[in-house]
Structures are given as C-alpha cells and as structure tokens.
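Read off the chains here:
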Amino acid sequence: MSAVLPTPMAATVVPRIGLLSLKSWGAVALALLVVAVIVPILNLVVPAGSAFHASDYAVQLVAKIMCYAICALAMDLIWGYTGILSLGHGVFFALGGYAMGMYLMRQIGSDGQYRLPMPDFMVFLNWKEFPWHWALSDSFIAQMALVVLVPGLLAFVFGYFAFRSRIKGVYFSIITQAMTYAAMLLFFRNETGFGGNNGFTDFKRILGTPIATPSMRMLLFVITGLTLIGFFLLARWLVNSKFGRVLQAIRDAETRVMFTGYDPLRYKLAIWVISAVMCGIAGALYVPQIGIINPGEMSPAASIEIAIWAAVGGRGTLIGPIIGAFFVNGAKSWFTQAFPEFWLYFLGALFIAVTIFLPQGIIGLLRRKKEPA
Amino acid sequence: MTPDLMKAGAQAKVEHERKVAAAAGQSGGRVASYSRVATGELDVTHGAILYLDDITVSFDGFKALNALSLSISAGEMRCIIGPNGAGKTTMMDVITGKTRPDLGKAHFGSTIDLLRMRENEIASIGIGRKFQKPTVFEQLSVFENLELALKADRGVRSSMFFRLNGEQLDRIGAMLALIHLKDSAQRTAGLLSHGQKQWLEIGMLLMQDPKLLLLDEPVAGMTDEETERTAELFLSLEGNHSLVVVEHDMKFIGELTQNGKNGKKVTVLHEGSVLAEGLLSEVQANEKVVEVYLGR
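The listed protein sequences derive, respectively, from chains A and B. Just add 13 to the spot in the first sequence (first one is 1) and you have the numbering used here. Just add 45 to the spot in the second sequence (first one is 1) and you have the numbering used here.
The shape of chain A in the complex, shown without the other chains:
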C-alpha cells in the first residue's frame, strides 16, 4: 500500500487546541473573582444602605439559578452533544436534594415542633424508629456519597436497559418523563419515608453550624459558584476530548459509530451517568440554600424546564445553557412578580420563538452578530 501513499507530512494537519482560548480563560478567571470575592464583599462588607450592597434576596436568587445552570449544563452534555433528549433530569436533581435534605433533617435534632429527636413528619406518622434508608442519614460524609451514588445508580440502571434495548429519540424522552413521574408519585406517599407532599423543610443546621446566618449562606453561595465553574471546565474537557467527539458522532450517525468499532452503549451510558450525577450535586447544593425539597421537583414540568433553559441558551455550546438558565430564570423571577398569571404563557411563547427563530439559541444570536455572514 505504501506505493500509493505520498510522504507523510504531519505539519499540514493542525489541531491540538487547548481546553479554552485565552479570552475564555479570562472570562473564567473573572467569574471566579465575582463568585469568590466580589459578591461576598458586596453582600457582607458593603453596608445595607449602599447602592452597591448585594441583598440577601439577590444572593439567594443567583445561587438558585447557579444550581439550575448546573442542570442546564448537564442537559447540554446529554442532549446538545449526544443528541439524547432527557425529559426526566429533574428526578436526579431531586434525588441529590433529598439525600442532602435527609442529613439536614437529622441535624434539626430535637428542635422540631414536637421536641423529639426525629423529623416532625415521622413523629406525626407515629413512627418509633427510622426506616432502613435513613440508616446513614446522621453522617454528613455518607449522605454526600449518596448525593452522587443514588442519582448515579438510578441513571446507570435505567440507562443500561434503555440503551441496550436501543431506545432512541422521542421514545427515550417519553420514558424519562414516565420515570420522573413515577418517582414523584412514589415520593408523594407518606409511607415512602420522605415526608410525603411536604417534603423536607425548616432546616436549622449544617455540620452543627446554624444554616441561616449570612456567612453560612455566603459560603454555600461560593461553593455553588465554584462547583458551576468546575463543572463547566470538566464538561469542556470532556467534549474537547476524543470521548466528546465520539458523543457528537453518536448524535450524527450512530450506526457509523458502531461500524467503526465503538460500542455506543458504553459511551451513552457514561455521559448519561455523568450528567445525572451533575444534576444530583446541583440538587444537593440547592436544598440548603432554598430551604425546602419536595416531590414537586420531580414533576414532568420541572424536567421540561431544564430542557428549555438549554434550548434557549443554545445547545451544544456549554456556555449557552448556563446563559439560558440565567436568562429564563431571571425573566421568571421578574415576570412572576409583575404578571404572575402570564409566566407559563410567556415560557411557552419563548420556547416556540427560540425553536423557530433562534435554533442556536442566545449564543447563536450573539455569534451571528459578531461575524455577519
């Protein structure tokens, strides 16, 4: 064969780009600075009367949106890059949240309404001892492990059977909806041992420290921000690797991937589990800051919203879904105050408008502006 091959020349073939461009690294550094230095100073040091003061409300809102942004990022990995639309990511978010919530419930100790060393809802149900799945709930480390393991394991089992049966496209989306809906019904029941429709709330402490103090809030905010930035870099690394290119290849031509010798099952399962675990961690960060977790987070609509954030921001860009989460949730918090009845109409209209006019989302719009074709 060598007769037909001209002399090899490595110089002509380019790539090997770094993880991010210099400009993007600058943006990451700026984001780090804002999250870890500027916001804490504006909130804790600048006096409340000052125009530069960041209110507790604003900090909490941004923290919540950052949790959502992690979900949107996770959605982008599975939907934007691998072409698998999950409409059940809310279940992973909620499971992570519940795992954190169980620990926080135990931290209440005997300070609940009934002054007993058990969560109020268990006392109310007249339970004398903890159900089996609460066995580890007193240990922070064990519960943090469960934040990762429970969503990861559910995703692994569900994904394994779904992908092995080669369930694709809209059928996969529908069964993910069914999964989150089934989980919601299960968690609504009091017997399940997760507080029924009230879920968990009224948290008092985390690691023995009061949870509602300004400094604890700020600490959780900073951790959330760092997690978001860390996950962004992790996701960027994943999609820049050959692994990420195989994912995109699966999205574009799965049969070709198979006939090239790759097992799509393993790749899909890997990114599916990574994505689920990211959502679980987002849920665990969400619960102590918002102070409540209930089965409503598993409602089909909550999962669909995650997909909307990703679509509005721009799929397959990583940064887009983060922007989308901020844009949609920012609009939501303003809209639900100004015109509470119209929010859902607006959300529906936004989704349709983006699908028709901005298939690349907000990021696509920005890029088009920058380089007019």
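Derived DSSO-like pairs (lysine-lysine); straight-line CA-CA distance at most 27 Å:
1. B:K196 x A:K255
2. B:K296 x B:K310
3. B:K310 x B:K256
4. B:K108 x B:K143
5. B:K150 x B:K108
6. B:K310 x B:K333
7. A:K255 x B:K143
8. B:K178 x B:K143
9. B:K256 x B:K196
10. A:K36 x A:K255
11. B:K333 x B:K306
12. A:K181 x B:K143
13. B:K227 x A:K255
14. B:K227 x B:K178
15. B:K333 x B:K296
16. A:K181 x B:K178
17. A:K77 x A:K217
18. A:K255 x A:K181
19. B:K64 x B:K52
20. B:K178 x A:K255
21. A:K255 x B:K256
Computed list of chain A residues with no C-beta within reach of chain B, every gap over 10 Å:
22. S34
23. L45
24. I54
25. A67
26. S152
27. M157
28. F174
29. N210
30. T214
31. L246
32. G304
33. A315
34. I321
35. A344
It is worth saying that the hints were derived from the structure and are not from the lab. Here a beta-carbon is modelled for each residue, glycine too, at the ideal position from N, C-alpha and C.
With chain A fixed as given, assemble chain B onto it according to the hints.
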C-alpha cells in the same frame, strides 16, 4: 470406580497440567491436540477470509437471502452484482451483524463466528463497511472523522485521555493525501460534496486497518474521474486487504476487473442466492445472467 482407575485419572490430570504449563507462551498457551485454534484471532490458514454457508434471511415470508453460500479468499477482491432486491445489502447486513439470519453460518477466517458478535465487535476484529449512502460524522471536521476511525483502543476511558502521537498524525496526514482531502482537513464533513464524502468514508474505513472491506456501491454519485481514481485505489489495496465490492455500475466493475483480464471473479446474486460466478466475460456470456438482467 476402582482405586486403579482413580489413580490413572489423577495421573492423566497431572500429565495434562504439565503439558499445558509447558506449552504456555507457545502458540498462545495451546497444545496441538487440545483446542487447536484460539477464538478471537483471525485465522486464514485455510485460505478463506469470509465464509458464508447456507444463509437464509426472511422478512415476513419474503426470502431476502435464500441459502446463500459464498467464500472470499484472503487478499481477494470480489465484485458482486445483481439486480435490485437480489439481497446484496442484506448480505452485508448479515456479515456486519446488523441482521441475524434465520439459518446458516457466517465465519470470518476459519475460527470466528460472526453470528455471535455485535456490530462494534465485528468492526473491531477487522471488517469495515461502507454504506450505500455515504455516512460520515457531518458536524465534525474531516480530520476528526479520520481521527475517530483511526485504529486505537475503543474504550471510554482511553478515549477521554487519548492524544494523537506523531506516528498517528502522520497516518492521518497520509490518508488525507490519499483521499485527496488534504486541503479540506479542517472543513466540516457535512459541507463536502457527495463524491468527497464517499472518499472520506473510504478513508475512514482504511484508518481502521480492516482485513476485509465491504463496499456498498462505493462510486455512486462520483464523477467519471473520481470513479477511475477509486478503481485505482481499490486495486492498490488488494493483497493486504480483502475487498467485497457491491456495484451496479458495470463500467466500474469493468475497470476493477480490467474486463476479466486480471483474473478477478465476479459473483452474480439473484433472488437471494448465487446465480453465477466467474470472470466478468464469463458471467456476461452466461444465459441465466442475461435473462435476469434483460428480462428475456
């Protein structure tokens, strides 16, 4: 069981274990009398690289393949022709694991049973397939398409940490030159012309270093010049690779077989089985083939 028998049995066992231990390191730890060939390794010592026997596939009672038997020698280039619905694509589906036959055997070399393997496993052991409609990864660049096809560990973790080394970079560069896409290396594959996509797909196949190439209408949509170059490329591959070319274009078949002068065999499929086999000139003169093709 008598004590004598037990003793003899124990001795035989010890003897066997000693033999196995002695043979470790030679011929893959096998003893000549015991499991002669290792499965999973391509064995072409019997001459055939692909061996189909009595393959039958039916879809709702319609027999797409009807007791098809075919054997391809190592290093051979075989052209397969046949009218629409003769079962050419179904045959490729069976070989690559996409379709499971109702009956029959399919072996790669003399040891590997293709019917027990999945698509990606079959691809990994060295059977490359080009589809009728060119399928490349449209959103990736030409370079990245070749990089994914490059023979390397297909595992998830190793692709996360994969980096091209200089030698692999050279291979991709050489392939880009071979398929005349060097200037388009950084272009998105979806933007290529139909003929260029065909070439890219062929290039991707070759990057996998397959032992057997299955090419389903590889020159569909190519210009005459491209077709000619493709024929040259295929002829240059023969020897190191075995090729099975399914084609409608008789002109292309003529080029590949040099109108029968280079001794390449042509197989004619009809209604799911082999109708005729031989040099191009022979099958063209065959009464039955003429009848099937011209409907007389």
